[in-house]
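Asks: Sequence:
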Amino acid sequence: MARRPELMVVSGELSGSRFSVPKTGLRLGRSSSNDICIADEELSRNHCMFECDGEDGLCVVDLASANGTFVNGSQLGSEAHKLRVGDIIEVGATKVRVVGDAEPPAAVPPAAAVIKEAPAGVVDLGLGTSDAAQPQAAQPAAASGGAPGAALRRRVVNVIWVCVAALLVVSTVLLLTTPTERRAVEPRTAAADETASRQKALHSLAYEKVDADSSHVFRYCAEIGQDGVLHVVFDDLPGENRRMDREGRLSSWAKDELGRIFDSPEWLELEDAYSGPSASSENALRCWRLRIVRGGSVKEVRVENTLEPKGFQMVRERLETLVNNELGVQSIQRSRDELIKSSEHSEALGDEKWEERDVEYGNLCECISFYKSAKNDLSTIGSNTERLGILQRKIEKAEAELKKRYEEVRFEAERAKQIGDWERARSEFRKICDMIPDKGDPRHMEANAIMVDVESRIEAVKKGGKSK
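What the sequence shown shows, in the working numbering, is residues 9 to 476, in sequence order.
Misleading hints may appear alongside valid ones.
What the hints assert, rightly or not - Within a straight-line C-alpha distance of at most 25 Å, the following computed SDA-like cross-link-like pairs (lysine to any residue) qualify: (1) K380 <-> W362; (2) K217 <-> R326; (3) K412 <-> T393; (4) K307 <-> A281; (5) K31 <-> E49; (6) K380 <-> S259; (7) K307 <-> M322; (8) K349 <-> M252; (9) K307 <-> A47; (10) K307 <-> E334; (11) K217 <-> S283; (12) K405 <-> E416; (13) K425 <-> M459; (14) K263 <-> R310.
Calculated directly from the structure, the hints in this document are not laboratory data.
Here the structure is a predicted model, which is why all the values come from computation and not from measurement.
Construct the entire structure; sequences and hints are all you get.
Replies: Written out as structure tokens, the structure is:
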């Protein structure tokens, strides 16, 4: 049975990528929800669709794109176009070629053919029954010195010399060709490694969770595009009227974690679908859909109105945790009442730290952190705009006070440094580090670096040296 052709990107940002077309089809476009997502402004969000045609064929359909889909230079209409191996599909700046099974390598000519094509001056070695050897065999023994075994001895000597010569030739060829071959192989190996790395990279991800019945609809959707941007939409309607729409760029850690998730045996061993009673018969829908495009392969798993397989549950929970942590939206997993109580508690803690802002240097930073947590919990609900405004004003007030105190302390620290009062300079820069305890904050990092330098100067003075 013939193998279905595949698609290879021959130009554009995904050049070198190879895709097989599943029975469900392969969609290409600018949107991250596509199987092949290409960030090209010339492409429509959903540009074209590759579909299976019969047992071993492919066809392409233009999805009413703005700039059209071209096959071998001709623009497609609204009908599906049957593809053949070698066809070039052009969409925007990207060209895709239809490829089949690799051609078999050229056959190596048999040794006999090589011998027959050898130059006429080649001496017969007496190892076969060639025509050149027959006249010598017909010569009288007297011409060979008269001894009956002389011809046989000469044959043996000739064979030995031929073997030695052959070994010398083979050794010379190996010595001359091995470096060249190594130079030729190394770039191919590097290119293969780069291709393998690209093939394993996550191209796009679409995850959707739905829990709906006649009274409410809960929907959680996360998408990751080729540009590494994570987009999450969350709806809980109409009961609590909660809505959230957030996006952010994935961290390096998150990308590595995604690789670990989708390399796990739990994911690789999952089937395409797990289904129970239909939504219409149950008048309810509880389903999960996870679709990833990774390198040249597409894998989609759907679980509908049935218990989750343990492997899928593990993958789903790890993915949800990663997504929520990346965007700081862990609170979407809690109910409205829980979020309101959490927001009120965080605001109360922030108020306490504000009142005690003169007690410890770090209290202002803690105050801001509590206020932001309270605002995040409340913004997930999205209904109490008055309270959100109050929290935002508290955050701005605390941040302004922190900025003022930071500038005052830094001025004193710089002045002490200028006059060479190293002990006081160290004390003032230490205040900044205590005031802004976040080691990732540029103000903390600067103060800490200067403090290290100041301490080295103090040590030099103690040892009797001079500090400039």
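Asks: Against this structure, judge whether each hint is valid.
Replies: Evaluation of the provided hints:
{"no.": "1", "hint": "K380 <-> W362", "in the structure": "holds, 13 Å"}
{"no.": "2", "hint": "K217 <-> R326", "in the structure": "holds, 14 Å"}
{"no.": "3", "hint": "K412 <-> T393", "in the structure": "violated, 29 Å"}
{"no.": "4", "hint": "K307 <-> A281", "in the structure": "holds, 11 Å"}
{"no.": "5", "hint": "K31 <-> E49", "in the structure": "violated, 29 Å"}
{"no.": "6", "hint": "K380 <-> S259", "in the structure": "holds, 22 Å"}
{"no.": "7", "hint": "K307 <-> M322", "in the structure": "holds, 17 Å"}
{"no.": "8", "hint": "K349 <-> M252", "in the structure": "holds, 19 Å"}
{"no.": "9", "hint": "K307 <-> A47", "in the structure": "holds, 21 Å"}
{"no.": "10", "hint": "K307 <-> E334", "in the structure": "holds, 24 Å"}
{"no.": "11", "hint": "K217 <-> S283", "in the structure": "holds, 15 Å"}
{"no.": "12", "hint": "K405 <-> E416", "in the structure": "holds, 17 Å"}
{"no.": "13", "hint": "K425 <-> M459", "in the structure": "holds, 10 Å"}
{"no.": "14", "hint": "K263 <-> R310", "in the structure": "holds, 23 Å"}
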